Amino acid sequence: MKRAEWGTKGRALVAGIFVTALASMAVFVASARGAGQVAPSAVITAEETPTGSTSIVLDPVPTDYEAAIDSDLAVALALEASPVDGSAATSVKPTLAVVTNTQSHDVNTGELTVDHVPAWVVTLDGVCVPVYGAGSINGSDGYSSTEDCAGTQVNVIIDATTGEFIEAFSDT
Amino acid sequence: MRNLLARLATVLGMLTLSGFLVPASASAAGNCSTWNYYQYGAYMGNSNNASGSLADIQVRRSDLCSNPGSHSSLGASWSMLAAGNAASYAQIGWTRTKGHNGGDATFFYQYRGAGENTHTDWWGNPSNGDEKRFKVTWLNGSGEDNDIHLFICDAGGGNCVDKQDTGLSPGGWTGGIYALSKGEVNNRQTDMPGTDGARDNFNNLLQRIGTGPWEAHTLYECDVDCPIDTDDNPPRFHFEWVSSDHFRIWTDPL
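Sequence lines, in order, name chains A and B.
The first sequence begins at 1 in the numbering used here and counts up one residue at a time.
The second sequence begins at 1 in the numbering used here and counts up one residue at a time.
In isolation and in its complexed conformation, chain A is listed as follows (with noise of 0.2 Å):
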């Protein structure tokens, strides 16, 4: 085999090779975080808003386009990244969106940092979203330090280009 043509076909060898690692880690880590039932991928089909959210909005991809970052792995690193315990997670579901967060705004340019960006958004239920500052207050009204959790769902969003863990969210 010559040289030019190696070069190329090893290339592509090590590719695969690093694709099917690559996939395998991520379901190996998706089922060594002990998350939930991991339900199909969905992608979002028209402009919405999350329950509860009020800055961020979520429109569907365009209809040619291939996330670069696949559902499997978008969970995974959803786990590594959740703000809470991912593992304890009773069911996990990744959406693919293009997401713009209509409060990030840049200081210097004023323009929004989360514009657009295609992303899994992997919600995860069955957490405990925890009450920052719950013993501050010995309040009323069912309110107190021992409150537990605020709710038991987040929201993971994962740059589908990147990986990058964008943000998390919750409003439960």
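Any given hint could turn out to be false.
Claimed, not checked - Quick list of the computed label-pair ranges, beta carbon to beta carbon: (1) B:A198 x A:A42: 42 to 50 Å; (2) A:T113 x B:S47: 39 to 47 Å; (3) A:T63 x B:A198: 31 to 39 Å; (4) A:T172 x B:D165: 17 to 25 Å; (5) B:N128 x A:E66: 35 to 43 Å; (6) B:W241 x A:P62: 56 to 64 Å.
What the hints assert, rightly or not - Far from chain A, by Cβ distances over 10 Å, these chain B residues were calculated: (7) N48; (8) R61; (9) L74; (10) Q110; (11) T118; (12) S169; (13) G171; (14) N203; (15) I209; (16) W241.
Simulated from the structure, these hints should not be mistaken for laboratory data.
On a predicted model such as this, the values are computed, not experimentally measured, just so you know.
We put the beta carbon where it would ideally sit given N, CA and C, even for glycine.
Here the structure of chain A is known, so what remains is to put chain B in place on it, guided by the hints.
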């Protein structure tokens, strides 16, 4: 792609270290066993009816206990406005959670009105030692929208970003309004932010009352003698005043 590889390697490494692949020893903070919210910081009482609370707060890594069970082991530092009956509050700061990117910090805010959903957002990746101004303020002046807004700024107050309009108007809150700035953990075996050699500074503590300006008002240490019971903070949690608008907290390791 190289970046992604590095992240995946980190994931695999974390899993290994956390015992998914091989048994792991307990973290320096020990195993989680006494869940509750433990806090240390300072407050301005509700009789003043605060309309703003801010502090320049450092991000400090500290050991988080292992085996959190249903509660994610966390450390956090924040500034907050809260109703006297605890039904409504708004806060912004930073937090670390066992597991999140290997224990990296994120910024966060959380707020809710009485009987409403709790809104929480986590973002960013601040480094250990970073210092930011976290500001909670009721924009109740002339021409303002009468809502509580959550700001994150550079330490000292430059480059402020209005991170969230909460839609909350505390004029009707029950029980007065507290201004609070605190460190927090949710397990007795986790370390409060800061260590003896790298204490977590809460500096330039300022408050607003009514439609008045930002000023340094009288604050009180909020520990076991706090009028709003914070449970019995373990004696290894420490607090000290540096000046009337500056305190710091830290933890002796187990």
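Outcome of the hint check:
Checking the proposed 42 to 50 Å range against A198 of chain B and A42 of chain A shows it holds: the Cβ atoms sit about 45 Å from each other. Distance hint check: the CB atoms of T113 of chain A and S47 of chain B are about 40 Å apart, consistent with the given range 39 to 47 Å. Separated by about 52 Å at the C-beta atoms, T63 of chain A and A198 of chain B break the suggested range of 31 to 39 Å. At roughly 20 Å, the beta-carbon separation of T172 of chain A and D165 of chain B lies within the given 17 to 25 Å, and the hint holds.
Here the CB-CB span from N128 of chain B to E66 of chain A is close to 38 Å, well matched to the stated 35 to 43 Å. For the pair W241 of chain B and P62 of chain A, the supplied restraint of 56 to 64 Å holds, since their beta-carbon distance comes to about 57 Å. At roughly 15 Å, the least C-beta separation between N48 of chain B and chain A is larger than 10 Å, which holds for a residue marked as non-interface. Interface exclusion of R61 of chain B from chain A stands, the closest Cβ pair being 16 Å apart, more than 10 Å.
A beta-carbon of chain A is positioned within 10 Å of the beta-carbon of L74 of chain B; the least distance is around 6 Å. Under the 10 Å C-beta cut-off, the non-interface status given to Q110 of chain B relative to chain A is violated; the minimum distance is some 5 Å. For T118 of chain B, the non-interface assignment is contradicted: its Cβ lies about 4 Å from the closest Cβ of chain A, within the 10 Å cut-off. S169 of chain B, annotated as away from the interface, keeps every beta carbon of chain A farther than 10 Å; the closest lies near 15 Å.
Even its closest Cβ contact with chain A, about 18 Å, leaves G171 of chain B beyond 10 Å, as expected for a residue assigned away from the interface. The Cβ of N203 of chain B sits about 20 Å from the closest Cβ of chain A, beyond the 10 Å cut-off, so the non-interface label holds. At the 10 Å boundary, the C-beta of I209 of chain B stays outside the reach of chain A, the nearest C-beta of that chain being 18 Å off. For W241 of chain B, the condition that its CB be more than 10 Å from all CB atoms of chain A holds, with the nearest at approximately 19 Å.
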